[in-house]
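Throw the hints in and build the complete structure from the sequences for me.
Protein sequences, first through last, are from chains R and H.
Residue numbering for the first sequence follows my numbering, starting at 39 and increasing by one per position.
Residue numbering for the second sequence follows my numbering, starting at 144 and increasing by one per position.
Check the hints yourself; a few may be wrong.
One side of the interface only, derived from the structure: several residues of chain R facing chain H at Cβ under 10 Å [said to hold, decoys possible]:
| id | residue |
| --- | --- |
| 1 | W79 |
| 2 | F82 |
| 3 | W136 |
| 4 | F140 |
| 5 | S143 |
| 6 | F146 |
| 7 | S152 |
| 8 | T155 |
| 9 | M294 |
| 10 | G295 |
| 11 | V320 |
| 12 | L323 |
No farther apart than 20 Å at their CA atoms in a straight line, the calculated lysine-lysine pairs in the PhoX-like style are these [as the list claims (entries may be wrong)]:
| id | chain 1 | residue 1 | chain 2 | residue 2 |
| --- | --- | --- | --- | --- |
| 13 | H | K239 | H | K403 |
| 14 | H | K299 | R | K86 |
| 15 | H | K299 | R | K84 |
| 16 | H | K275 | R | K44 |
| 17 | R | K232 | R | K134 |
| 18 | R | K44 | H | K353 |
| 19 | H | K302 | R | K84 |
Quick caveat, the hints were computed from the structure, so don't treat them as lab data.
Every residue, glycine too, gets a C-beta built ideally from N, C-alpha and C.
Listed below, chain by chain, are the residues.
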Amino acid sequence: MSRLRKEQLVGLLMVSPALILLAVFFLYPLVNSFYMSFHKWPLFGKPKWVGLDNYIFMFQDERFWESLKFTFVYTLTVTPMLFVVAIGTALLCNAKAWGTTFFRSIYFLPVVMSFATASYVWLWLYSEMYGVIVYALEFFGFGGENKNLNVWKTGTSSMWAVNAMVTWKFSGIQMIILIAGLQAIRDDYYEASKLMGASRWQTIWNVTLPLLRPSIALALILSIAGSIQAYEQFVIMTRGGPSNSTKTLVMHTVDMGFDYFKLGPAASLGVIIMIILFVLTVIQLRLFRKNY
Amino acid sequence: MRRYSSDWYWYYAINYTLVIIIIFPIYWTLISSFKKPSELITSEPTFYPHDLTLQYYDQIWNFDRLKRLQDTESEDSESSGVEIESKFRLDGEGVKRPFMNSAIVSAGTIILTIIVCTLGGYALTVLNTPLKNFFFLLVILPILIPGISLIIPLYKLLKDLGLTNTHLGLILIHTCGMLPLGIFMMRNAFNSIPSSLREVAMLEGSSELKIITSVMLPLAIPGLLTVMVFAMYVSWNDYIYAFIFINSPENTMLNISLMKIALGGSQFEMKWGSLTAGSIVSFLPIIIFYTFLQQYFVRGVTGSAVKE
Chain R
39 MSRLRKEQLV
49 GLLMVSPALI
59 LLAVFFLYPL
69 VNSFYMSFHK
79 WPLFGKPKWV
89 GLDNYIFMFQ
99 DERFWESLKF
109 TFVYTLTVTP
119 MLFVVAIGTA
129 LLCNAKAWGT
139 TFFRSIYFLP
149 VVMSFATASY
159 VWLWLYSEMY
169 GVIVYALEFF
179 GFGGENKNLN
189 VWKTGTSSMW
199 AVNAMVTWKF
209 SGIQMIILIA
219 GLQAIRDDYY
229 EASKLMGASR
239 WQTIWNVTLP
249 LLRPSIALAL
259 ILSIAGSIQA
269 YEQFVIMTRG
279 GPSNSTKTLV
289 MHTVDMGFDY
299 FKLGPAASLG
309 VIIMIILFVL
319 TVIQLRLFRK
329 NY
Chain H
144 MRRYSSDWYW
154 YYAINYTLVI
164 IIIFPIYWTL
174 ISSFKKPSEL
184 ITSEPTFYPH
194 DLTLQYYDQI
204 WNFDRLKRLQ
214 DTESEDSESS
224 GVEIESKFRL
234 DGEGVKRPFM
244 NSAIVSAGTI
254 ILTIIVCTLG
264 GYALTVLNTP
274 LKNFFFLLVI
284 LPILIPGISL
294 IIPLYKLLKD
304 LGLTNTHLGL
314 ILIHTCGMLP
324 LGIFMMRNAF
334 NSIPSSLREV
344 AMLEGSSELK
354 IITSVMLPLA
364 IPGLLTVMVF
374 AMYVSWNDYI
384 YAFIFINSPE
394 NTMLNISLMK
404 IALGGSQFEM
414 KWGSLTAGSI
424 VSFLPIIIFY
434 TFLQQYFVRG
444 VTGSAVKE
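What follows is the structure in structure tokens.
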């Protein structure tokens, strides 16, 4: 056996664990999710071809539209919050000053905590009776005379409470992306703008932000794609309540599959989520390829 | 033109305010977990603990022992804070076992990811593997479709394979999720190593595996650490897979077991002491990793997001 032949064989052998894993735990479920979405899955017995019935069932289900709407509202509200904090901290960390490394590592710190743990932590901060945030809010006069503030009372207040947690937890990732973008901007631009007598805000607005556009787009897409996958923060903090007003698309899918045991419609929901995320990721990769 | 004074004053004022805001939830959880019940369960919060106690850590860690104590305890004990908590202990869960489960799954994911991605990255970079570029594209493909949209068919697959309720099932799924970033990172790492090193080793008659472990890997350590830290991050912080694929109490993962603690009391009387202690326990391993391997952490976590 020639040396090349042997090397080729060794190469195939070495890459095979990855390929097997991929085939079994990615490609097969991928194909199967389409297959499942076109079949009826009784608890016992064989699956039956039902065509588009699962999709029709799903689209006629009010809970689907409610969860879709909520997921979009959540995405549209949390994205600007994340972005404002991320760009602010990124600009602060990009200054030529002492201590930026320290600040950056602190701003990134909540990212390393899991969404689940962060949710438990903030659940405690928001506790109706003993929570320190509720205490602070009541101290400043929210919650009225009786001091009975409960952030989980309405769907809207629940969502903003979760948004605050997500902003705390997740803006660090976007900050890092924006810092990378900021560092790629050459000093010439700043010097030119200084020579022209621009103030600091003018420089940020007219020089930094336009040059940063690719990183900004990337950060926004990332936040949108992440928000559409929102799950544990709502499962843990609101449990979808009050009265299902904070149920996300993924939560609805999990409920459909594992509470109601409707695997067909659940699979078709998975396909819908897949298509949304696929489109977003393609845009994201395009942006990335074009600009880096 | 040097601008000192008020500008920098504001710069640091803003930064330190942000630092305090970011740190506060973690600080608050930490001190809450050490407070005595009388100080914890009060509507007048104290910003540093007056009396330290380890009782919540003791409770969640040694749940089984405490549960036995409860069985022999008489009913007429005074209802001080301690007794209130111990009543709740009956329907809660300890975290020792879930902690071990999470540790096993994380360790398994890290080891398997490193092996699979090192071999794969090596084969797709250094060796003359046939269909190299096609395989690489295939391995990168999962980037386009996040695993969360595949939970239903994944559940079915694990069930058919008999892997629900097992550590192995979770390890395999996490490792598969790690493939794109892992192989990408390892490929980059191997690419930057000059090929002459391998040729020298080959002339000395080393086998391919020997070359990987003794020549290539020592030079690829930054890439390896990034992959390792990210594998830890993904598996330790996972919630949805652990929630759906594991049903048996003895195999519960840490993040899920905290939910049981949170719900263990009544809806109105959560077990806050145990929950804060549990949160700290679940944050501890990952913060240790972050402290020592910060740069790899940042690269891994953002790299996964950006998916170069």
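Which of the listed hints are not met by the structure? Violated hint: only 2; rest satisfied.
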